[in-house]
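Undergrad: If you want the building blocks of each chain, they are given just below.
Number of protein chains: 2
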Amino acid sequence: MNNCPIEKISMNENAIHLALNIISGKWRLKILWEIYTNKVIRFNQLQKNLDGISNLMLTRCLKELLEYKLVDRKQFNEVPPHVEYSLTDLGMSLCPILRSLEKFGYDVINQTRNN
Amino acid sequence: MNNCPIEKISMNENAIHLALNIISGKWRLKILWEIYTNKVIRFNQLQKNLDGISNLMLTRCLKELLEYKLVDRKQFNEVPPHVEYSLTDLGMSLCPILRSLEKFGYDVINQTRNN
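Chains as they are written, first to last, in UniProt numbering: chain A, 1 to 115; chain B, 1 to 115.
Mixed in with the good hints there might be a few duds.
Keeping only pairs whose Cα atoms sit at most 27 Å apart, straight-line, the calculated DSSO-like set for lysine-lysine is [as the list claims (entries may be wrong)]:
id, chain 1, residue 1, chain 2, residue 2
1, B, Lys39, B, Lys74
2, A, Lys103, B, Lys69
3, A, Lys26, B, Lys39
4, A, Lys30, B, Lys26
5, B, Lys74, A, Lys26
6, B, Lys48, A, Lys103
7, A, Lys63, B, Lys30
8, A, Lys103, B, Lys103
9, B, Lys69, B, Lys103
10, A, Lys26, B, Lys30
If you are wondering where the hints come from, they were derived from the structure by calculation, not from laboratory data.
Generate the whole structure from the sequences, applying the supplied hints.
TA: Have a look at this one:
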């Protein structure tokens, strides 16, 4: 049975709920994943790839992800000027967690389907 | 930089959202963690340990966790009869995910606090 160290029994719910809050929500997960799979991506391309997201919503979500230090923003003052987004190391550290959540979700689907 | 295998780019959002849905919610996380730390626990003790949860809410949450196959329920027809709850292997598999979410939440708190 896959086990966690019992002696460290305490669990910081606030930290877990913060993490859940960051990942939940309709768009943040999609945005993080889109930036991740493109490594570096511009705002317009991001909006194009995210079917149905408004300019305002994408701007707001990016602002939140920047504040959480999950996303990096680079401004290029060329002609025309543009901005590129990429994941920070902290943002990248989310990737294996998403994989484990994905696998857990699959396992639940399979187990509940078999009965 | 901590990295995920790029070649497996797709992500099953439904599976992730199912996992997030199971973990989120005010009580399920607390219930899972309480059962985990006690290994085996009876309903009354569980309710006592979960400050403020009603009988109805605990019954409903346990029903959901049973349906998701995360919790096991054993009936003892002794005098007096009683029921014991424990985590299934699937429930136990959530434990390291909660740890990783907890760490991620801490990292975000620390990074945002340093700036």
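Undergrad: May I ask which of the numbered hints given earlier this structure violates, with the numbers listed in increasing order?
TA: Of the numbered hints, 3, 5, 6 and 7 do not hold.
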